[in-house]
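*Asks:* Line order of the protein sequences matches chains A and B.
With numbering that gives the first Met the number 0 applied, the first sequence corresponds to residues 0 to 874, in that order.
With numbering that gives the first Met the number 0 applied, the second sequence corresponds to residues 0 to 108, in that order.
A couple of the hints might just be wrong.
Stated by the list, open to error - Incomplete in silico selection of chain B near chain A, CB under 10 Å:
| hint | residue |
| --- | --- |
| 1 | H25 |
| 2 | W27 |
| 3 | G28 |
| 4 | S30 |
| 5 | K31 |
| 6 | R32 |
| 7 | D39 |
| 8 | L48 |
| 9 | Y49 |
| 10 | K73 |
| 11 | K75 |
Worth flagging that the hints you see were computed from the coordinates, not collected in a lab.
Where a beta carbon is used, it is the ideal one built from N, C-alpha and C, also for glycine.
Letter by letter, the chains look like this.
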Amino acid sequence: MWSLLRRLAPRPDAEMSEEMRFHVDMEAAELERMGLTPAEARRRALANFGGVRRYTEEGREMRMLWLDDLRRDLRYAARSLRRTPGYAVVVVLTLALGIAANTAIFSVANSVVFRQLPYRDPSRLMVLWDGLDWMGVSEAWITGPEVVRLRERVRSFEGVAAIRIGSVTLAGDESAEPQQLGQNAVTANFFQLLGQGPDIGRSFARGDDQPGAPRTAIISRRLFTQRFGGDREVVGKTVMVDGAPTTIIGVLPADFHYSAQGSVSNASPDADMYLPLVDTLDRLPKGPHSIGVLARVRPDVSVSAARAELQVLSRDLDAEQYGHRGFHFVDNVLQERVTREVRPALYALLGAVALLMLIMSMNLAVLSLVRAGRRDHEITVRRAIGAGHSRVIRQLLTENMLLALLGSGLGLLLGVWMLRGLLGIAPASLPRRDEISIDAGVVAVTVAIAVLVGIIMGILPAVHAARRDIASVLRERGGLRGASRSRRVLVLAQLALSVVLLSGTGLLLESFVRLTRVDPGFDPRGVLTIDMMASRAEYASGAPVVAAIDAQVNALRSLPGVVAVGATGATPLSAGADQSGAFFPTSPTNNGTRDHDWMLIDNSSVSPGYFAAMGIPVLQGSDFTAAVRDSAAARVAVIDEQLSARAFPNGNAVGQPLWLDGDTIRIVGVVRHVRMYGLQEEGRGQVWVPHRYRPYRGMTLVLRTRGEPLALAAAARQRIHAVDPHQAIASMGTMNDAVSASLAQRRLVLSLVAAFAAAALLLAALGVYGVTAASVARRTREFGIRLALGADRKTMIATVVREPVSLVALGLVLGIGVTVLSGRVLDRLLYGVKTADPLTLSAVALLLFVIAIVASWIPARRAAGTDAMIALRAE
Amino acid sequence: MPNRTDLLQGTLDLLILRVLRLGALHGWGISKRVRTLSNDVLQIQQGSLYPALYRLEDRGLIAATWGISDEGRKAKFYELTEEGRAALAEERANWRAFTGAVEAVLRGT
Numbered sequence: 000m001w002s003l004l005r006r007l008a009p010r011p012d013a014e015m016s017e018e019m020r021f022h023v024d025m026e027a028a029e030l031e032r033m034g035l036t037p038a039e040a041r042r043r044a045l046a047n048f049g050g051v052r053r054y055t056e057e058g059r060e061m062r063m064l065w066l067d068d069l070r071r072d073l074r075y076a077a078r079s080l081r082r083t084p085g086y087a088v089v090v091v092l093t094l095a096l097g098i099a100a101n102t103a104i105f106s107v108a109n110s111v112v113f114r115q116l117p118y119r120d121p122s123r124l125m126v127l128w129d130g131l132d133w134m135g136v137s138e139a140w141i142t143g144p145e146v147v148r149l150r151e152r153v154r155s156f157e158g159v160a161a162i163r164i165g166s167v168t169l170a171g172d173e174s175a176e177p178q179q180l181g182q183n184a185v186t187a188n189f190f191q192l193l194g195q196g197p198d199i200g201r202s203f204a205r206g207d208d209q210p211g212a213p214r215t216a217i218i219s220r221r222l223f224t225q226r227f228g229g230d231r232e233v234v235g236k237t238v239m240v241d242g243a244p245t246t247i248i249g250v251l252p253a254d255f256h257y258s259a260q261g262s263v264s265n266a267s268p269d270a271d272m273y274l275p276l277v278d279t280l281d282r283l284p285k286g287p288h289s290i291g292v293l294a295r296v297r298p299d300v301s302v303s304a305a306r307a308e309l310q311v312l313s314r315d316l317d318a319e320q321y322g323h324r325g326f327h328f329v330d331n332v333l334q335e336r337v338t339r340e341v342r343p344a345l346y347a348l349l350g351a352v353a354l355l356m357l358i359m360s361m362n363l364a365v366l367s368l369v370r371a372g373r374r375d376h377e378i379t380v381r382r383a384i385g386a387g388h389s390r391v392i393r394q395l396l397t398e399n400m401l402l403a404l405l406g407s408g409l410g411l412l413l414g415v416w417m418l419r420g421l422l423g424i425a426p427a428s429l430p431r432r433d434e435i436s437i438d439a440g441v442v443a444v445t446v447a448i449a450v451l452v453g454i455i456m457g458i459l460p461a462v463h464a465a466r467r468d469i470a471s472v473l474r475e476r477g478g479l480r481g482a483s484r485s486r487r488v489l490v491l492a493q494l495a496l497s498v499v500l501l502s503g504t505g506l507l508l509e510s511f512v513r514l515t516r517v518d519p520g521f522d523p524r525g526v527l528t529i530d531m532m533a534s535r536a537e538y539a540s541g542a543p544v545v546a547a548i549d550a551q552v553n554a555l556r557s558l559p560g561v562v563a564v565g566a567t568g569a570t571p572l573s574a575g576a577d578q579s580g581a582f583f584p585t586s587p588t589n590n591g592t593r594d595h596d597w598m599l600i601d602n603s604s605v606s607p608g609y610f611a612a613m614g615i616p617v618l619q620g621s622d623f624t625a626a627v628r629d630s631a632a633a634r635v636a637v638i639d640e641q642l643s644a645r646a647f648p649n650g651n652a653v654g655q656p657l658w659l660d661g662d663t664i665r666i667v668g669v670v671r672h673v674r675m676y677g678l679q680e681e682g683r684g685q686v687w688v689p690h691r692y693r694p695y696r697g698m699t700l701v702l703r704t705r706g707e708p709l710a711l712a713a714a715a716r717q718r719i720h721a722v723d724p725h726q727a728i729a730s731m732g733t734m735n736d737a738v739s740a741s742l743a744q745r746r747l748v749l750s751l752v753a754a755f756a757a758a759a760l761l762l763a764a765l766g767v768y769g770v771t772a773a774s775v776a777r778r779t780r781e782f783g784i785r786l787a788l789g790a791d792r793k794t795m796i797a798t799v800v801r802e803p804v805s806l807v808a809l810g811l812v813l814g815i816g817v818t819v820l821s822g823r824v825l826d827r828l829l830y831g832v833k834t835a836d837p838l839t840l841s842a843v844a845l846l847l848f849v850i851a852i853v854a855s856w857i858p859a860r861r862a863a864g865t866d867a868m869i870a871l872r873a874e
Numbered sequence: 000m001p002n003r004t005d006l007l008q009g010t011l012d013l014l015i016l017r018v019l020r021l022g023a024l025h026g027w028g029i030s031k032r033v034r035t036l037s038n039d040v041l042q043i044q045q046g047s048l049y050p051a052l053y054r055l056e057d058r059g060l061i062a063a064t065w066g067i068s069d070e071g072r073k074a075k076f077y078e079l080t081e082e083g084r085a086a087l088a089e090e091r092a093n094w095r096a097f098t099g100a101v102e103a104v105l106r107g108t
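Throw the hints in and build the complete structure from the sequences for me.
*Replies:* Structure below.
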């Protein structure tokens, strides 16, 4: 590389003219000795030389200064590309498409994963969780007393904010229906710790979160626009929140996002209202893990030092409160936490698009080799008349660089358009979605790629051309010999990389198909869901809530088109269930240790008729019936098949007692296990109790309908408001949509990787075709002779096809090797298959062989059809 | 004045290599030596000489160093490299074969 650079450097101009001057002086002296006057001698010497000036210039022309050089090279490049427009168009378009795909994917990854969150010094923001690994909970909310300990003990933290998520009802008025809103209750220091807060009005101040302080609220820009018409006068206005007068003190900017779950992708929309978390944390009971914690590390302390200090507190708490079971705080840097769910998918996409770019630039390198082969004669003539290696290399580089830059310019434009399309189909759960844009970093990467591609395309043929012996080319006008080897290596690499992409696609497809075949435990067809909250003050707890929900269920039952109605606290796939410890005192599998016998389970309340409405099969015993009318009879539970199999392997779960949250209830039925957290997650065992036993204010009404469920939405809304005009409806949806939303990200990743793989396959096929065609062309005479000697067509075809097939075989071995090695990137995206899935890999192998044979068939036919005489004469 | 034949394209390299075999020379020295050895028949056009020198240098057949000429002036001297010696032998054989062939044809007529 160094010697190459040295050769590219121009010879110093001064050195050259000094040499010329010396020559003229010597000539003049000689002429003087022959008797001429000094003046005449000098004139003659100059004339003989043809003018020092002219030659220094011509000398310069061969070893021009960089700038002149570049201009001349560019002009020459443009002229030579105009002569072969087909080549130029193919290269520019291929590159543009590659760069566009790259730009789009990289922009998403850059904006979502790499760009800093829009808070003050975001790398010092951490979110904390309780690690209760012995219970099977790796990240639980934190308890009130623990938050107090964190505040008092960890000096590395500048501040600790507590967040509790929930929902509230904003009362209706003359102009608006009552509204159920997602709400975050936060300590007063929350916005100050984040370094981002309201841009209209004010943030919470010290004291706003003290008991007895006047009730205040900060609202989202969305609520500000939709509910209050964007009127700034709303600041200072008092509204009814959960039946209590509350003053709005501030409005958040539109780009404010925060999720206490720490993962914005968990389909958790931004809260529309922030209320002060009344700071009575030290008075909260020790048990409930209910608080999210955001902490900021002090500027003079490193994050790792803060972590170490936190672990000291972890050990103390483990000893004091958890009986040495292994309690520890889990700390995540906010940025990493927010993107945790999408990172594997984005990395896989980045990898896929990088592979495609590699394959593309190899394809372009092959193209430029072929073109250089055709221009061999021209290049050699240029060298014979004095152009050095460096001139030739620079010329080839300039041409290809020009194409690369054109291609990437076009690619960037296309990329903007492609990114827009991509965002159109990206799942709503993609975090930081509205921050996604093309920035300087993306443009820089694009330009770097373009330059690299240009260099690869230029250097290869240049090196081959420079090595050639001038005389031999001028004599025989032959092709580039070394180039055909380079070309084969390039095609081999393309094949191997295509195998990686194809296997990835195959594995993702297999995972996707398996997921769509997963039994979610319920029947999503024709199910309408209505999220609502029994809001009025009198429903705050107890029987009236149950009565209100039962009234709604009954009213909806008679709606035409409705087959069954029920209500639940947690629909499948919503991750909405609560977690509790459950114990089956009569289970034969108990071994007497608390940690084994007490199981962490998902539980929620449902109304009678819910299982029928959701299409969850009752396997043993029965659903809750109308008999569950009074609360004594309501001390019953339905468990899922998973718990039944674990606790009662003999299948006699019905009738057995269950301890749940300090109460003993009786199991009356066993239902199918439903997927609570998404199709790919098995989830925990489930316990369902009647909502009469444990009333929920916020429930989802579930309507099984004939036909299109959303067609009933308006009628259902009317019925609900006929029963209670103040009833807030949070949202309506269908279970089919919930299922498809749960697959949305996979579907997108799969289609993108599949598109990249298809492009890669096409390029690799072109490569195989090209290599075979070139080798057939080179061996025309050989084939002619063999045919003349009586070889039959079949043998000829086999001879030709042998080369590409062995190339593919080698490509497969390399590609599969790389796939298996790169399994770590892909494994987290797979479901039910391993990276080294023999079925998928065999399918890829088969596909590639078919493609190789098809691609080499045409040249093979040509070889077999060679006329012996013509072939021999052509030489 | 003696008849000065224009140099055949391609023989220039051979002549340069040949005169450099006797030792390092500067550009003017090379042209003078060729003129002398050919009894003033062969005259190298300076416009061809220097491009040819640079070309040979690029191909690694000759190497250049700055030195002091007999007249005490700074000048650039060229000398044969090992590769240059080998190339000279080969080119020389080629030339002999070529001229021999031409001669044979001429005699034949």
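*Asks:* Close enough to count: is the Cβ of D39 (chain B) nearer than 10 Å to one in chain A?
*Replies:* Nearest chain A Cβ about 13 Å off; hint violated.
*Asks:* Using Cβ atoms only, decide whether K31 (chain B) comes closer than 10 Å to chain A, and label the hint accordingly.
*Replies:* At about 8 Å, which falls below the 10 Å cut-off, the nearest Cβ of chain A leaves the hint on K31 (chain B) intact, so it holds.
*Asks:* Answer holds if the nearest beta-carbon of chain A is closer than 10 Å to that of K75 (chain B); otherwise answer violated.
*Replies:* holds, 5 Å
*Asks:* Is the shortest C-beta separation between L48 (chain B) and chain A less than 10 Å?
*Replies:* holds, 8 Å
*Asks:* Holds or violated: is there a CB of chain A closer than 10 Å to the CB of W27 (chain B)?
*Replies:* holds, 4 Å
*Asks:* Does K73 (chain B) pass the interface hint, meaning its C-beta sits closer than 10 Å to a C-beta of chain A?
*Replies:* holds, 7 Å
*Asks:* With 10 Å as the cut and Cβ atoms as the points, is S30 (chain B) at the interface with chain A?
*Replies:* Given a least distance of 8 Å, the restraint on S30 (chain B) holds.
*Asks:* Would you check whether G28 (chain B) satisfies its interface hint, that is, whether its CB is within less than 10 Å of any CB in chain A?
*Replies:* holds, 8 Å
*Asks:* Checking hints one by one. Is H25 (chain B) an interface residue toward chain A, by the C-beta closer than 10 Å rule?
*Replies:* Holds. Min distance 7 Å.
*Asks:* Would you settle whether the hint for Y49 (chain B) is holds or violated, based on the nearest Cβ-Cβ distance to chain A being less than 10 Å?
*Replies:* holds, 6 Å
*Asks:* For the hint on R32 (chain B), just tell me whether its beta-carbon gets within less than 10 Å of chain A.
*Replies:* violated, 12 Å
Violation of the numbered hints given earlier is confined to hints 6, 7; the remaining hints are satisfied by the structure.
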